[in-house]
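Protein sequences appear in the order of chains D and A. One gets the working numbering by counting positions in the first sequence from 1 and adding 221 to each. One gets the working numbering by counting positions in the second sequence from 1 and adding 221 to each.
Treat the hints as calculated values from the structure; they're not laboratory data. Any given hint could be a false lead.
[As the list claims (entries may be wrong)] Here are the simulated lysine-lysine pairs, DSS-like style, with alpha carbons at most 27 Å apart: (1) A:LYS357 <-> D:LYS246; (2) A:LYS225 <-> D:LYS704; (3) A:LYS706 <-> A:LYS693; (4) A:LYS662 <-> D:LYS317; (5) A:LYS693 <-> D:LYS704; (6) D:LYS476 <-> A:LYS280; (7) A:LYS644 <-> D:LYS246; (8) A:LYS706 <-> D:LYS322; (9) D:LYS706 <-> A:LYS260; (10) D:LYS661 <-> A:LYS357; (11) D:LYS637 <-> A:LYS280; (12) A:LYS357 <-> D:LYS322; (13) A:LYS662 <-> A:LYS583; (14) D:LYS225 <-> A:LYS583.
Protein chains: 2
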Amino acid sequence: MFLKIRELHFLAGRPVAILNEDSAKELNVNINERITLKKANFNKGIIAIIDIAKGLIEKDEIALSVEIINQLKLKKGDIVEVGAAQKPLSVNYILKKLNGKELSYTELYSIISDIVNNNLSEAEIAYFVSGIYLRKMTLQETTDLTKAIVQVGKKLQFNDKRMVLDKHSIGGLAGNRTTPIVVSIIAAAIEKYKLRAIMPKTSSRAITSAAGTADVIETIANVEFSLTQIKEILNRTHACLVWGGALGLAPADDKIIQVERLLSLDPESQLIASILAKKISVGATHILIDIPCGKSSKVSPNEARILKHKFESVGKKLNLNLKILITRGEEPIGNGIGPLLELLDVLSVLNRDKNRPLDLEKKSLLLATELLSMLNIDKEKARQICINLLESKQAFYWFQKIIEAQGGNFKNLGKKLALAKYKETIYSNAQGKVEEISSKKLANISRLAGSPENKKAGIYLHIHVGDLVRKKQPLFDIYSESKEKLNYAIEVAEHSGVIKIR
Amino acid sequence: MFLKIRELHFLAGRPVAILNEDSAKELNVNINERITLKKANFNKGIIAIIDIAKGLIEKDEIALSVEIINQLKLKKGDIVEVGAAQKPLSVNYILKKLNGKELSYTELYSIISDIVNNNLSEAEIAYFVSGIYLRKMTLQETTDLTKAIVQVGKKLQFNDKRMVLDKHSIGGLAGNRTTPIVVSIIAAAIEKYKLRAIMPKTSSRAITSAAGTADVIETIANVEFSLTQIKEILNRTHACLVWGGALGLAPADDKIIQVERLLSLDPESQLIASILAKKISVGATHILIDIPCGKSSKVSPNEARILKHKFESVGKKLNLNLKILITRGEEPIGNGIGPLLELLDVLSVLNRDKNRPLDLEKKSLLLATELLSMLNIDKEKARQICINLLESKQAFYWFQKIIEAQGGNFKNLGKKLALAKYKETIYSNAQGKVEEISSKKLANISRLAGSPENKKAGIYLHIHVGDLVRKKQPLFDIYSESKEKLNYAIEVAEHSGVIKIR
């Protein structure tokens, strides 16, 4: 069928085509199904998702979202050839998984590649997620899924044979901003001991938390770079602290996670494949994974053990040098929650401030030590190296170098480090011992106050689990740049039982 | 957040709002999630699905699809209040089902009502379908699902106490256009024997077949009426043959089926609930359900028995007077496939033509007899009544009355009954016995030729299973109004092995 482009400044964030109801009937297609679009005299077509309009669009017309208009270089009045797209083959594999059968690498690759190319709708991806969630995946499937995600994405590749170090935390714990400290210690160690290694750390932005490492670093430096720029930074500073999102390293992931979020699903195999794929894509040779477990984190001690075992089994199949640490996840780590407040924690540890959060320091040292010891360095020696690099402020020096390589200006941070305009303290209304601090609730309050979009918004904790508190003693401060948001956050903070005192 | 309406003639077939990337971030919402929209100084808001645009839409602007613009009576420059919609509660129940728990009526009602009100996305509906498909539903759940679908939709209600007859076929068989014949016989019987009954038959249009009853009747009459108009028709002719789609009788259904089609899923409980809900919504007191089973239909004999049993059990819980017939589904019934060609079969049976398809006549008589016998009429007597009404052409007379009540003109049908412009015959290339005729492949070829959009397109079968054929004997004719479509249909017909000869 040939249709004429109607001029409509129409934006969808994905390739959408709007058809007249009658044309849709004639093509035998429905809303959310797919059509193929081809410009006359062009060989290559693309796939678009269908919306159907009653009226306004004529039968010989089609409206296309800006993505398609740009991709096919179309203008008003141009003619495109439109056909019903064949159902992608991968739909059969999704059905196969839903019916409890094991998928091969080729079948998983077909699904992942169709997800990335917009050939599968959110509903079809939801069926895939349901299949993984309810039918589980074998170790072989999880391994193949990881490979497929890597294969479809871009890769960070080096010509020399430097070791590539990486770390990851499965998250869930408020604060816990160890990454900038670990990366700084490792960069300093690489320099001092002439290790043939790099640490190209890519991080995420917050999805449901108050801040991701990328949000924290963005407070004082850029985090969005191309793969080529990242290589340059690594050559100067041995390590980087960038946002992984725009690099296209594991592009299937974002779409799958978006669909999982609808029901807050997080199937284990997908979690493992997603993390390992990103590490493989940056060429990681030594990978440390932190699984915080306990009341305030995502997993219980038992779940953590199972997860550790699966990570190790899949890692083995993928020939990865992988170390899994199960760490304490009973309460938030550090005092700050939110981009700026977490950065201030990081800076105070690196700068050896008297009031620095010692729990954050301890955990960062633990992770840096484990990572170094993976390079055949005796663990006690690795530990001494890390302590020394931190205490001598060599780690701080390399943090500054990284920030400056990423466009930050360490000499002129004053304004960026200034606290938010508004602050309100939440006081204890009981006397006793702090029994529980909920990471999830703190994240929620912090987001209501404006984080992570507003870098200065967040929470500063005055107490930790086990502390004895009196009535009217300050528990935490809420920071915000907006009076309204602050008030809303206070209201929720006062009624959500975020801190349990007994 | 307050945003200004940007003038964009933007159509989506569902309530879609396009936000600037930054506003979306600030609201913490993502593509395919939901926002609430409220016009300033208005109490009632609505829910919209989000698309996110990079560029073109400013941070203080919002673009809304025509559905919303009309519903809230908005114009360019108007200000709307926009907020992140709470996740609907029903999402928790979908997750509950996915996790294998039984849902209550209240929970199912919440899901169904959110589906109808656009509060659930296609992906969330896909999770619900996955839950029903993989976890199955108990009889109680299927019963409650039926009730919920009825509750959310409109109903056909009468003040008097006439019995309401209905029939349904679960479909899958090409041709098989018994409904117009059965309805005509019943209308004639109601008149002749002064039965206090009506038969308000609502039918569907084709989804994947070559024609639905609504498509067939539409060849010579209107099928789209309001509930009030349907009541008037029933008062004049005891029965009707209308399209159920626009009546809003079971509106959740269409959306669920649309999502099921993506993976060609058809979970049993949903099938049962969907059919029974539509019957309950028209107030049916006596319901006959036809399950064709065999090689050419949807279900095997064993599946048919299980389905029959479930229908009966759910029907009992719903206090329905239900009769389930398992009929032969080895091959298409009648000779015509496609709206006009099926109508011609119906007319030739009603008009007692010498060459009328006897298989169609036999099955129609069987169904009409079973339906009449449900009204406490002895089965052999019911059978004689039906044969008599058909042979005396009283059934034909009532068919004409119904068609005319629905705006058709029986005296001037010439043009409408004329065959399609183009016809091509497919001949046998082998000698032997007809072993199999595939309904699915015939439907596909017929659709390629243009049906059901093009009423005259379709197939006319010259042979039936068991017939002996010689080489070069005509197997079937393909009709089309377009030379191009005909050629494509022929090509597929010649290579798809639609008829197996041994």
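So, going through the hints one by one against the coordinates:
no. : hint                  : in the structure
1   : A:LYS357 <-> D:LYS246 : violated (33 Å)
2   : A:LYS225 <-> D:LYS704 : holds (23 Å)
3   : A:LYS706 <-> A:LYS693 : holds (23 Å)
4   : A:LYS662 <-> D:LYS317 : holds (23 Å)
5   : A:LYS693 <-> D:LYS704 : violated (86 Å)
6   : D:LYS476 <-> A:LYS280 : holds (24 Å)
7   : A:LYS644 <-> D:LYS246 : holds (23 Å)
8   : A:LYS706 <-> D:LYS322 : violated (39 Å)
9   : D:LYS706 <-> A:LYS260 : holds (22 Å)
10  : D:LYS661 <-> A:LYS357 : violated (33 Å)
11  : D:LYS637 <-> A:LYS280 : holds (24 Å)
12  : A:LYS357 <-> D:LYS322 : holds (18 Å)
13  : A:LYS662 <-> A:LYS583 : holds (24 Å)
14  : D:LYS225 <-> A:LYS583 : violated (50 Å)
Hints 1, 5, 8, 10, 14 from the list above are not met by this structure, while the remaining hints are.
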